[in-house]
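Novice: Chain residues, written in single-letter form:
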Amino acid sequence: NAGVTQTPKFRILKIGQSMTLQCTQDMNHNYMYWYRQDPGMGLKLIYYSVGAGITDKGEVPNGYNVSRSTTEDFPLRLELAAPSQTSVYFCASSYSHSNQPQHFGDGTRLSIL
Amino acid sequence: QKEVEQNSGPLSVPEGAIASLNCTYSDRGSQSFFWYRQYSGKSPELIMSIYSNGDKEDGRFTAQLNKASQYVSLLIRDSQPSDSATYLCAVSGGSNYKLTFGKGTLLTVNP
Numbered sequence: 001n002a003g004v005t006q007t008p009k010f011r012i013l014k015i016g017q018s019m020t021l022q023c024t025q026d027m028n029h030n031y032m033y034w035y036r037q038d039p040g041m042g043l044k045l046i047y048y049s050v051g052a053g054i055t056d057k058g059e060v061p062n063g064y065n066v067s068r069s070t071t072e073d074f075p076l077r078l079e080l081a082a083p084s085q086t087s088v089y090f091c092a093s094s095y096s097h098s099n100q101p102q103h104f105g106d107g108t109r110l111s112i113l
Numbered sequence: 001q002k003e004v005e006q007n008s009g010p011l012s013v014p015e016g017a018i019a020s021l022n023c024t025y026s027d028r029g030s031q032s033f034f035w036y037r038q039y040s041g042k043s044p045e046l047i048m049s050i051y052s053n054g055d056k057e058d059g060r061f062t063a064q065l066n067k068a069s070q071y072v073s074l075l076i077r078d079s080q081p082s083d084s085a086t087y088l089c090a091v092s093g094g095s096n097y098k099l100t101f102g103k104g105t106l107l108t109v110n111p
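Residue numbers (this note's numbering), protein chains in the order written: chain A, 1 to 113; chain B, 1 to 111.
A hint or two may mislead.
Here are the computed lysine-lysine pairs in the DSSO-like style, where the Cα-Cα straight-line distance is at most 27 Å [claimed, not checked]:
#, chain 1, residue 1, chain 2, residue 2
1, A, 14, B, 42
2, B, 56, B, 42
3, B, 98, B, 2
4, B, 42, B, 67
5, B, 103, B, 2
6, B, 98, B, 42
7, A, 44, A, 14
8, A, 9, A, 44
9, A, 9, B, 42
10, B, 103, A, 57
11, A, 57, A, 44
12, B, 56, B, 2
13, A, 9, B, 2
14, B, 56, A, 57
15, B, 103, B, 56
16, B, 2, A, 44
17, A, 44, B, 103
18, A, 57, A, 9
19, A, 44, B, 42
20, B, 56, B, 67
21, B, 2, A, 57
22, B, 103, A, 9
23, B, 2, B, 42
24, B, 67, A, 44
25, B, 98, A, 9
26, B, 98, B, 56
27, A, 44, B, 98
Here's a subset of chain A near chain B, in silico, CB distances under 10 Å, partners left out [unchecked claim]:
#, residue
28, 30
29, 33
30, 111
It should be emphasised that the hints constitute simulated quantities derived from the structure, not laboratory data. Yeah, the Cβ is synthetic: ideal placement off N, Cα and C, and Gly gets one too.
Make a model of the complete structure from these sequences and hints.
Specialist: Following this line, the structure appears as structure tokens:
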């Protein structure tokens, strides 16, 4: 079982560059999420989606964009990379919200220099 | 805004001891509670979920929930060095159905 797959695993960007972090899940989950995790901090929700075509902002959405054209895919876009976006990014999915646990991908470690 | 607080740690216990991890939450309407384990450099992995007051046991792990006190804990019996990880408490439901994570508690089990 693949579960939640994230690519790439590591990336170094220069300030001002853009990139897309890919996330796909094969569990037919309706809900998908993007988090960032900074050292010593918990997971902060960036964006989430409750189904194809529906997305909404989380706690820290500034500097990011998302789209959800299919149930399986939920890419995260960084348009103008800034050093403050250096972090580990996790994609997660769940069958529904609230009482269902979330399943996480392996993460993308992103450095902005 | 929903807040989830965990004992800051790090917590160090000898092999075979009981490790006790604690978590409090601010939203009294919260309904679902999860414990995730995160090894260094890895992604969070669900180890326990609990939805009603009382204890829930799964192998060496016991989750305890007290909604009146807004408190959830995780006990790890017969701790093993392989239990050394950061444990994340996560809460959802109530006024904000999204999952809110605590900052985590680093547990080290010494052989």
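Novice: Decide, hint by hint, whether the structure agrees.
Specialist: Each hint tested on the structure:
1. With a C-alpha separation of about 25 Å, the suggested pairing of residue 14 of chain A with residue 42 of chain B holds against the 27 Å cut-off.
2. For the suggested pair residue 56 of chain B and residue 42 of chain B, the alpha carbons sit about 26 Å apart, so the restraint of at most 27 Å is met.
3. For the suggested pair residue 98 of chain B and residue 2 of chain B, the alpha carbons sit about 10 Å apart, so the restraint of at most 27 Å is met.
4. Annotation: proposed proximity of residue 42 of chain B to residue 67 of chain B is violated, straight-line Cα distance about 31 Å (limit 27 Å).
5. For the hint pairing residue 103 of chain B with residue 2 of chain B, the CA-to-CA distance comes to about 13 Å; that is within 27 Å, so the pair holds.
6. Under the criterion of a C-alpha separation no larger than 27 Å, the hint pairing residue 98 of chain B with residue 42 of chain B is consistent with the structure, at around 22 Å.
7. Annotation: proposed proximity of residue 44 of chain A to residue 14 of chain A holds, straight-line Cα distance about 23 Å (limit 27 Å).
8. Between residue 9 of chain A and residue 44 of chain A, the direct Cα distance comes to roughly 19 Å. Compliance with the 27 Å bound is thereby established for this hinted pair.
9. For the proposed pair residue 9 of chain A and residue 42 of chain B, the alpha carbon gap of about 11 Å is at most 27 Å, so the pair holds.
10. Simply put, residue 103 of chain B and residue 57 of chain A have alpha-carbon atoms about 21 Å apart, close enough for the 27 Å limit, and the pair holds.
11. With a C-alpha separation of about 11 Å, the suggested pair residue 57 of chain A and residue 44 of chain A falls inside the 27 Å cut-off, and the hint holds.
12. The hinted pair formed by residue 56 of chain B and residue 2 of chain B meets the criterion: a straight-line CA distance of about 24 Å does not exceed 27 Å.
13. Taken as a hint, the residue 9 of chain A and residue 2 of chain B pair is broken in the structure, with Cα atoms around 31 Å apart against an allowance of 27 Å.
14. Of the supplied pair hints, the one linking residue 56 of chain B and residue 57 of chain A is violated, its CA atoms being roughly 34 Å apart against a limit of 27 Å.
15. Of the supplied pair hints, the one linking residue 103 of chain B and residue 56 of chain B holds, its CA atoms being roughly 23 Å apart against a limit of 27 Å.
16. Our distance criterion of 27 Å between C-alpha atoms is met by residue 2 of chain B and residue 44 of chain A, whose separation comes to about 13 Å.
17. For the hint linking residue 44 of chain A to residue 103 of chain B, the alpha-carbon distance of about 10 Å falls within 27 Å, and the restraint holds.
18. About 24 Å separates the Cα atoms of residue 57 of chain A and residue 9 of chain A, which keeps this hinted pair within 27 Å; it holds.
19. For the hint linking residue 44 of chain A to residue 42 of chain B, the alpha-carbon distance of about 16 Å falls within 27 Å, and the restraint holds.
20. For the hint pairing residue 56 of chain B with residue 67 of chain B, the CA-to-CA distance comes to about 14 Å; that is within 27 Å, so the pair holds.
21. Of the supplied pair hints, the one linking residue 2 of chain B and residue 57 of chain A holds, its CA atoms being roughly 16 Å apart against a limit of 27 Å.
22. Straight-line distance between C-alpha atoms of residue 103 of chain B and residue 9 of chain A comes to about 23 Å, which keeps the hinted pair within the 27 Å bound.
23. With a C-alpha separation of about 26 Å, the suggested pairing of residue 2 of chain B with residue 42 of chain B holds against the 27 Å cut-off.
24. Distance restraint check for residue 67 of chain B and residue 44 of chain A: the Cα-Cα separation of roughly 24 Å lies within the 27 Å cut-off, and the hinted pair is therefore satisfied.
25. Taking the CA atoms of residue 98 of chain B and residue 9 of chain A, the gap is near 26 Å; set against the 27 Å cutoff, the hint holds.
26. At most 27 Å may separate the alpha-carbon atoms for a hinted pair to count; residue 98 of chain B and residue 56 of chain B meet this at roughly 23 Å.
27. The suggested pairing of residue 44 of chain A with residue 98 of chain B holds, with an alpha-carbon distance near 11 Å, which does not exceed 27 Å.
28. Taken as an interface hint, residue 30 of chain A does not check out: its beta carbon lies about 13 Å from the nearest beta carbon of chain B, beyond 10 Å.
29. The beta carbon of residue 33 of chain A is positioned within 10 Å of a beta carbon in chain B (closest approach about 8 Å), and the interface hint is therefore held.
30. Proximity of residue 111 of chain A to chain B is violated relative to the hint, the smallest CB-CB distance being about 14 Å (cut-off 10 Å).
Checked against the numbered hints above, the structure violates hints 4, 13, 14, 28 and 30; every other hint is satisfied.
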